[in-house]
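Going line by line, the protein sequences match chains A and B.
Counting from 1, one number per residue, gives the positions in the first sequence under my numbering.
Counting from 200, one number per residue, gives the positions in the second sequence under my numbering.
To be clear, the hints were calculated from the coordinates, so they are not data collected in a lab.
Idealized CB from N, CA, C, for every residue including glycine.
Just so you know, nobody snuck in bad clues.
Quick list of the computed label-pair ranges, beta carbon to beta carbon: (1) H207/B - T156/A: 23 to 31 angstroms; (2) G212/B - E194/A: 31 to 39 angstroms; (3) E115/A - I203/B: 16 to 24 angstroms; (4) D195/A - P209/B: 29 to 37 angstroms; (5) W252/B - H165/A: 23 to 31 angstroms.
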Amino acid sequence: MQSGNKYRLRFERIEDAAVLSEFNCGLNVMDRFIHSGLQWCIDYHYCVVYAVKDSKDIVGVVALGCDKLELDTTDKEELQMGFFPKPEIDFNYQDTFWAKSSYPAIEITYLAVREDKRHLGIGEYIIEAVGQRALDSRFNLAGCQFLTVEAYNKGTDSAVSFYSHCDFIAAEEPNPNKETLRMYKTILPLAHYEDVDDE
Amino acid sequence: MLGINTPHVPVEGKFAEEIRATVRRVSTGRLNAEDKRRIRRSRKVLQNYDAVWE
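Next comes chain A alone, as it looks inside the complex (with noise of 0.2 angstroms):
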């Protein structure tokens, strides 16, 4: 469906797994965890899981769970013993710059495009689309200020650099030990930047 010139996604949370039964991204260890796996996600309450869907048909899974990006908190108390140049800080940002050492996140357990709908800029859509929504102050049950994901980094289905042209950071070194990256993305709630012109 259109609305404008624009195509219409909706967001529709599941309950039942079984609706992603003609589901495929075509990575199949992606499509065995979808079909086999993540209802007990759902069940657990591990995450809450929405189906996309164009006019008719699914076409992105896409499922979200709390987190947080925990910092280690040596390097602050070198910050603050001088052994480093202390970072210029706005004075009513201080006193919580200097407490925090988490900020809340939403994390893309999963993400996934129907393989004969990748490459039209569903999936950076909809990693958009959950920022905005998370920031959307009728819907916000909690805080949150990033986005995070664990992008799996191993041979050709690795997801970094999708990740990374969706404007993801990397918050560790990649772990030839570990099949993720984890990663994270700011949210910039785009309705108080709108003196940041367009190009």
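We have chain A already, so just place chain B on it with the hints.
Chain B only, in chain A's frame:
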């Protein structure tokens, strides 16, 4: 990522400092050129479709 064991450890070193710097910039509104580029890109991506949450 669901289905894969992904232990989380605190973010360290230069990665932690980058996150703190980002939080500082966003909270004070002192965005840098990269932040502004990301804003423009997000706007552009959001123009492609219309989301309806049900």
